[in-house]
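Q: Work the whole structure out from these sequences, hints included.
Chains F and E, in that order, are what the protein sequence lines are. Every letter in the first sequence is one number past the one before it in my numbering, and letter 459, counting from 1, is 617. Every letter in the second sequence is one number past the one before it in my numbering, and letter 146, counting from 1, is 304.
There may be inaccurate statements among the hints.
No distinction is drawn between identical chains; accordingly, a pair holds when it is met within one copy or between any pair of copies.
What the hints assert, rightly or not - Here are the simulated SDA-like pairs of lysine to any residue, each with C-alpha atoms no more than 25 angstroms apart in a straight line:
{"no.": "1", "residue 1": "LYS385", "residue 2": "ASP595"}
{"no.": "2", "residue 1": "LYS605", "residue 2": "ALA384"}
{"no.": "3", "residue 1": "LYS320", "residue 2": "THR334"}
{"no.": "4", "residue 1": "LYS320", "residue 2": "ALA632"}
{"no.": "5", "residue 1": "LYS529", "residue 2": "GLU544"}
{"no.": "6", "residue 1": "LYS361", "residue 2": "VAL542"}
{"no.": "7", "residue 1": "LYS449", "residue 2": "VAL542"}
{"no.": "8", "residue 1": "LYS361", "residue 2": "GLU278"}
{"no.": "9", "residue 1": "LYS449", "residue 2": "GLY472"}
{"no.": "10", "residue 1": "LYS385", "residue 2": "VAL636"}
{"no.": "11", "residue 1": "LYS622", "residue 2": "GLN474"}
{"no.": "12", "residue 1": "LYS643", "residue 2": "GLY493"}
FYI, nobody ran anything at the bench for these hints, they're computed from the structure.
Each chain, written out:
There are 2 protein chains.
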Amino acid sequence: AQPSVATLPFKVADLGLAEAGRHQFRLAENEMPGLMALREEFGPSQPLKGARIAGSLHMTVQTGVLIETLVALGAQVRWASCNIFSTQNEAAAAVAVGPNGTVENPAGVPVFAWKGETLEEYWWCTSQIFDWSAEASRANEHWDGPNMILDDGGDATILVHKGREFEMAGAVPDATATDSHEWTVILDTLRASLQASPDRWTKIAAEIQGVTEETTTGVHRLYELAKSGELQFPAINVNDSVTKSKFDNKYGIRHSLPDGLNRATDVLIGGKVVFVVGYGDVGKGAAEALKGQGARVIVSEVDPINALQAAMDGVQVTTIESVLDQVDIFVTGTGNENVITVDHLLGMKHLAIVSNVGHFDNEIDIAGLEKLEGAERIEIKPQVHEWRLPSGRSVLVLSEGRLMNLGNATGHPSFVMSASFTNQVLAQIELFVRGADYGVDVHVLPKHLDEKVARLHLDALGVKLTRLTDEQAAYIGVSPDGPYKVDHYRY
Amino acid sequence: AQPSVATLPFKVADLGLAEAGRHQFRLAENEMPGLMALREEFGPSQPLKGARIAGSLHMTVQTGVLIETLVALGAQVRWASCNIFSTQNEAAAAVAVGPNGTVENPAGVPVFAWKGETLEEYWWCTSQIFDWSAEASRANEHWDGPNMILDDGGDATILVHKGREFEMAGAVPDATATDSHEWTVILDTLRASLQASPDRWTKIAAEIQGVTEETTTGVHRLYELAKSGELQFPAINVNDSVTKSKFDNKYGIRHSLPDGLNRATDVLIGGKVVFVVGYGDVGKGAAEALKGQGARVIVSEVDPINALQAAMDGVQVTTIESVLDQVDIFVTGTGNENVITVDHLLGMKHLAIVSNVGHFDNEIDIAGLEKLEGAERIEIKPQVHEWRLPSGRSVLVLSEGRLMNLGNATGHPSFVMSASFTNQVLAQIELFVRGADYGVDVHVLPKHLDEKVARLHLDALGVKLTRLTDEQAAYIGVSPDGPYKVDHYRY
Ligand SMILES: NC(=O)c1ccc[n+]([C@@H]2O[C@H](COP(=O)([O-])OP(=O)(O)OC[C@H]3O[C@@H](n4cnc5c(N)ncnc54)[C@H](O)[C@@H]3O)[C@@H](O)[C@H]2O)c1
Ligand SMILES: NC(=O)c1ccc[n+]([C@@H]2O[C@H](COP(=O)([O-])OP(=O)(O)OC[C@H]3O[C@@H](n4cnc5c(N)ncnc54)[C@H](O)[C@@H]3O)[C@@H](O)[C@H]2O)c1
Numbered sequence: 159a160q161p162s163v164a165t166l167p168f169k170v171a172d173l174g175l176a177e178a179g180r181h182q183f184r185l186a187e188n189e190m191p192g193l194m195a196l197r198e199e200f201g202p203s204q205p206l207k208g209a210r211i212a213g214s215l216h217m218t219v220q221t222g223v224l225i226e227t228l229v230a231l232g233a234q235v236r237w238a239s240c241n242i243f244s245t246q247n248e249a250a251a252a253v254a255v256g257p258n259g260t261v262e263n264p265a266g267v268p269v270f271a272w273k274g275e276t277l278e279e280y281w282w283c284t285s286q287i288f289d290w291s292a293e294a295s296r297a298n299e300h301w302d303g304p305n306m307i308l309d310d311g312g313d314a315t316i317l318v319h320k321g322r323e324f325e326m327a328g329a330v331p332d333a334t335a336t337d338s339h340e341w342t343v344i345l346d347t348l349r350a351s352l353q354a355s356p357d358r359w360t361k362i363a364a365e366i367q368g369v370t371e372e373t374t375t376g377v378h379r380l381y382e383l384a385k386s387g388e389l390q391f392p393a394i395n396v397n398d399s400v401t402k403s404k405f406d407n408k409y410g411i412r413h414s415l416p417d418g419l420n421r422a423t424d425v426l427i428g429g430k431v432v433f434v435v436g437y438g439d440v441g442k443g444a445a446e447a448l449k450g451q452g453a454r455v456i457v458s459e460v461d462p463i464n465a466l467q468a469a470m471d472g473v474q475v476t477t478i479e480s481v482l483d484q485v486d487i488f489v490t491g492t493g494n495e496n497v498i499t500v501d502h503l504l505g506m507k508h509l510a511i512v513s514n515v516g517h518f519d520n521e522i523d524i525a526g527l528e529k530l531e532g533a534e535r536i537e538i539k540p541q542v543h544e545w546r547l548p549s550g551r552s553v554l555v556l557s558e559g560r561l562m563n564l565g566n567a568t569g570h571p572s573f574v575m576s577a578s579f580t581n582q583v584l585a586q587i588e589l590f591v592r593g594a595d596y597g598v599d600v601h602v603l604p605k606h607l608d609e610k611v612a613r614l615h616l617d618a619l620g621v622k623l624t625r626l627t628d629e630q631a632a633y634i635g636v637s638p639d640g641p642y643k644v645d646h647y648r649y
Numbered sequence: 159a160q161p162s163v164a165t166l167p168f169k170v171a172d173l174g175l176a177e178a179g180r181h182q183f184r185l186a187e188n189e190m191p192g193l194m195a196l197r198e199e200f201g202p203s204q205p206l207k208g209a210r211i212a213g214s215l216h217m218t219v220q221t222g223v224l225i226e227t228l229v230a231l232g233a234q235v236r237w238a239s240c241n242i243f244s245t246q247n248e249a250a251a252a253v254a255v256g257p258n259g260t261v262e263n264p265a266g267v268p269v270f271a272w273k274g275e276t277l278e279e280y281w282w283c284t285s286q287i288f289d290w291s292a293e294a295s296r297a298n299e300h301w302d303g304p305n306m307i308l309d310d311g312g313d314a315t316i317l318v319h320k321g322r323e324f325e326m327a328g329a330v331p332d333a334t335a336t337d338s339h340e341w342t343v344i345l346d347t348l349r350a351s352l353q354a355s356p357d358r359w360t361k362i363a364a365e366i367q368g369v370t371e372e373t374t375t376g377v378h379r380l381y382e383l384a385k386s387g388e389l390q391f392p393a394i395n396v397n398d399s400v401t402k403s404k405f406d407n408k409y410g411i412r413h414s415l416p417d418g419l420n421r422a423t424d425v426l427i428g429g430k431v432v433f434v435v436g437y438g439d440v441g442k443g444a445a446e447a448l449k450g451q452g453a454r455v456i457v458s459e460v461d462p463i464n465a466l467q468a469a470m471d472g473v474q475v476t477t478i479e480s481v482l483d484q485v486d487i488f489v490t491g492t493g494n495e496n497v498i499t500v501d502h503l504l505g506m507k508h509l510a511i512v513s514n515v516g517h518f519d520n521e522i523d524i525a526g527l528e529k530l531e532g533a534e535r536i537e538i539k540p541q542v543h544e545w546r547l548p549s550g551r552s553v554l555v556l557s558e559g560r561l562m563n564l565g566n567a568t569g570h571p572s573f574v575m576s577a578s579f580t581n582q583v584l585a586q587i588e589l590f591v592r593g594a595d596y597g598v599d600v601h602v603l604p605k606h607l608d609e610k611v612a613r614l615h616l617d618a619l620g621v622k623l624t625r626l627t628d629e630q631a632a633y634i635g636v637s638p639d640g641p642y643k644v645d646h647y648r649y
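A: Shown next, in the form of structure tokens:
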């Protein structure tokens, strides 16, 4: 199916999938009690009325429920995926058609996302979420772009910052030989923009009231921008809400990693030796899931504290080099680069499975593999490739080294995403309504909102909370309504 | 055996136990790689030369290894226990005799501690760690007291602050009818001191360069002193090092809770229904240990975040009232009061086991039980009591409601305490050597020292750490030598 363009500006794979997407939205809504509670609580007061949100986040079924929650709270929204493979086409279609539109007359949200974008298409899609000219002319307003960003990984935020930077410099630099293909594409995208307008991104940056960022990598970029003084607007670090990083990263991966392995390979996990690179939240969830399947898990870490945690959890900790040829399945979850190198790939067992649930595809040196003399790629099925190596052995690479829990399975399940996205919506409300209270810096959500997110997910799990008596609350020095812990409490 | 006093000023139950204590020190040293590594690293440079440390911390075998580490680093030390019951008499004896002394000619450290002190004796012992006149006259110096405190629970710190406060007021207030017995004893102790000297504590306070505090309760007191502006010297909060609270509280309890249950009752844990009150670090360790034994664990929580964590870990979360009569073993770990009330006790199964690994004995309403008309206490063996209740049923109360992992077993194992105490020693060095860098406030150890503590415990577990390449380190924005995480990282 060809991506289609209609009068509602959008670009998806196939609008005809909207009904299938809508069915899935209904099921997901039942598993996303936090978002549904926010619709109920804030629907009447419309706190996001006037918000123009540019969203860059995996265009999945769960994100569809997020988008429609933002709309239910009064926001206007444009959306792109933050990953070339992660779009569920039926979800994108359902978002475009909307709850009240039809395939013939889509009345949803402008969404630019389909599964399997090229990098050129990806950055074109990302640019589209900043073009609010259609909305402006319909409303007879003079906006240039959105006034809020909802980001995952920081691509939307980076585009604005780099766009503005190059406009101030008056030119976009040429790509150098060592630049990644992706960076070249970004430069091309911004060069074309600079030719069309000398101040598009400068004006967009000035209109933005804030960004709420979903994940570790994006947060890291934000802290760097803040440190160098380049950050242009306040940011809320959603990732570091406890109900995000300690839930999504850990329990999400625990669910979707084995799911991805199964859908991709149907290989029995039990009994296998699995190597997990990194024992942060993602690595902890991965290790737990794999142990639960009866795998023998080995971990590598650079941080002695996390390494000690792994050891105390009964997991062997060693370097990847020292066990390369014993491992059946490799899983990376570091957010770092080249934690699996071409040399590592060459030393692996025949048909070892190599997969990434960290961040970018450079976590495994796929670029190096592609350049490797004598290596041959065979597509077993989409997102599952056998690489025949000059060593005479093969490795199975999932999702071309990109996030396999999204590429080979359907990403995190709705319940986990409900917690993450409830933080996102509360963060959008905070920045949009109380933005003046937040300086141009990176903030975390106040603890009472973090606790609220948790609270909204308890009933669905049959959890009965105990209430502190007034005496007990006084004894431990908190209010019976919370917050219950000091800010530096680690959970 | 009577407490004895020799030329080396000290008071312990029986010096003759020193050899038994020394054997245990040797075994413990093998399980305390962090402390032993510090002896090796800092023995030659003697960073604590000139430090006069007043220590108030459970006088156990592990503390003996801590004390001798401080001495090996150049410090002079005086010691008292921070709990009337927690002294291991053989450990106190071995500390007094010292590695090079004999029972006839003790040449260790002045220690004032024995198991089962009265409150009067306890505060006398605590006063002794501030009397450095013997050391001063031997060195021909004019000290009044120590220049460092190593505290657990804050009693030593409180004595100095209150002593100074009353000296400035010129009088110690009379105890009132509602004051606890313990407070009355403290007032008497300080009244006697004020009669003997009008400025003893003022001079002592002025000489102290800093305190390092071990535990939650003491840290809480320090933050209150800092907030009210009363704090007299810099403090390091050792409790909130990751390698303390996320190790000691969690992995320590995971070890010593089932140990305590077994030694106390020999009841099979597998298959039983166990109710854990509180799912903080202690509760998590307790639940993991009990699940590992095949128990079905139920948890209660007041904090929705911790409650959601328990649910995501596959544990039922409900109120204690709703399952009272189904539970075989109760474990409290909240640090709160009356989380098990007399009403709860009356509603329990016959011979339900009731135990506390949280904080004081008020976590279970033992005072209420003692007052209960018609209740009868039968000692099964020390620290294990059957309470026959008017309901016709009995409950088994462990350690009279006090910490059962210490009362029924031997508390935290050496390896866990090695991590905690390595933080203590590093904190002592920080404050003694770099005290000027620390303002009069409560600080946590810098992350690189927390990481160092972890690092020193890896070899013993056979952990092989991975080293970041320079490129990887730059990519994630850290140094290859650490620190590896932002300060708010939760582990
Ligand atoms: N796939 C998904 O759906 C998903 C979900 C959440 C987060 N993430 C991503 O996963 C990554 C990890 O997230 P997290 O929350 O666990 O972060 P984290 O910081 O908690 O954990 C990463 C760990 O990797 C370790 N590490 C770094 N470089 C290493 C190396 N060369 N070798 C071994 N270990 C190394 C770090 O010390 C750290 O402990 C991030 O990029 C995050 O954005 C992915
Ligand atoms: N026995 C030991 O050897 C040992 C070791 C370390 C700590 N501790 C003590 O254990 C206690 C807990 O320590 P922690 O590190 O787990 O603290 P924590 O704050 O991490 O956990 C305590 C938990 O109890 C919950 N809670 C409070 N009141 C409650 C109630 N009425 N009902 C249900 N839940 C309630 C809190 O929400 C919190 O999550 C502290 O007093 C600490 O000093 C004991």
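Q: Under a CA distance limit of 25 angstroms, which applies to LYS320 and THR334: within one copy, between copies, both, or neither?
A: Result: close within a single copy only, 17 angstroms intra versus 68 angstroms inter.
Q: At most 25 angstroms between CA atoms: does that hold for LYS320 and ALA632 within a copy, between copies, both, or neither?
A: between (50 angstroms within a copy, 20 angstroms between copies)
Q: Which holds for LYS643 with GLY493 at a C-alpha limit of 25 angstroms: within a copy, between copies, both or neither?
A: The answer is between: 13 angstroms across copies meets 25 angstroms, while 29 angstroms in one copy does not.
Q: First find the shortest C-alpha distance between LYS449 and VAL542 inside one copy, then the shortest across copies, and answer within, between, both or neither for a cut-off of 25 angstroms.
A: Within one copy, since 24 angstroms is at most 25 angstroms while 38 angstroms is not.
Q: Could you place LYS385 and VAL636 in one of the four classes (within, between, both, neither) given a Cα distance threshold of 25 angstroms?
A: between (33 angstroms within a copy, 14 angstroms between copies)
Q: Given identical chains, is LYS449 near GLY472, meaning Cα to Cα at most 25 angstroms, within a copy, between copies, both, or neither?
A: Classified as both; 10 angstroms inside a copy, 15 angstroms across copies.
Q: When Cα atoms must be at most 25 angstroms apart, do LYS605 and ALA384 count as within-copy, between-copy, both, or neither?
A: both (22 angstroms within a copy, 21 angstroms between copies)
Q: With identical chains, the pair LYS361 and VAL542 could be close in the same copy or across copies; at 25 angstroms between alpha carbons, which is it: within, between, both, or neither?
A: Result: close neither inside a copy nor across copies, 43 angstroms intra and 74 angstroms inter.
Q: Is it within a copy, between copies, both, or neither that the alpha carbon of LYS385 lies no farther than 25 angstroms from that of ASP595?
A: both (20 angstroms within a copy, 24 angstroms between copies)
Q: Please work out whether the CA atoms of LYS361 and GLU278 approach to 25 angstroms or closer within one copy, between two copies, in both situations, or in neither?
A: within (24 angstroms within a copy, 73 angstroms between copies)
Q: At most 25 angstroms between C-alpha atoms: does LYS529 with GLU544 qualify within a copy, between copies, both, or neither?
A: Classified as within; 15 angstroms inside a copy, 74 angstroms across copies.
Q: Pop the pair LYS622 and GLN474 into one bin, within, between, both or neither, using alpha-carbon distances up to 25 angstroms.
A: between (37 angstroms within a copy, 9 angstroms between copies)
The structure does not agree with numbered hint 6 stated previously, though it agrees with all others.
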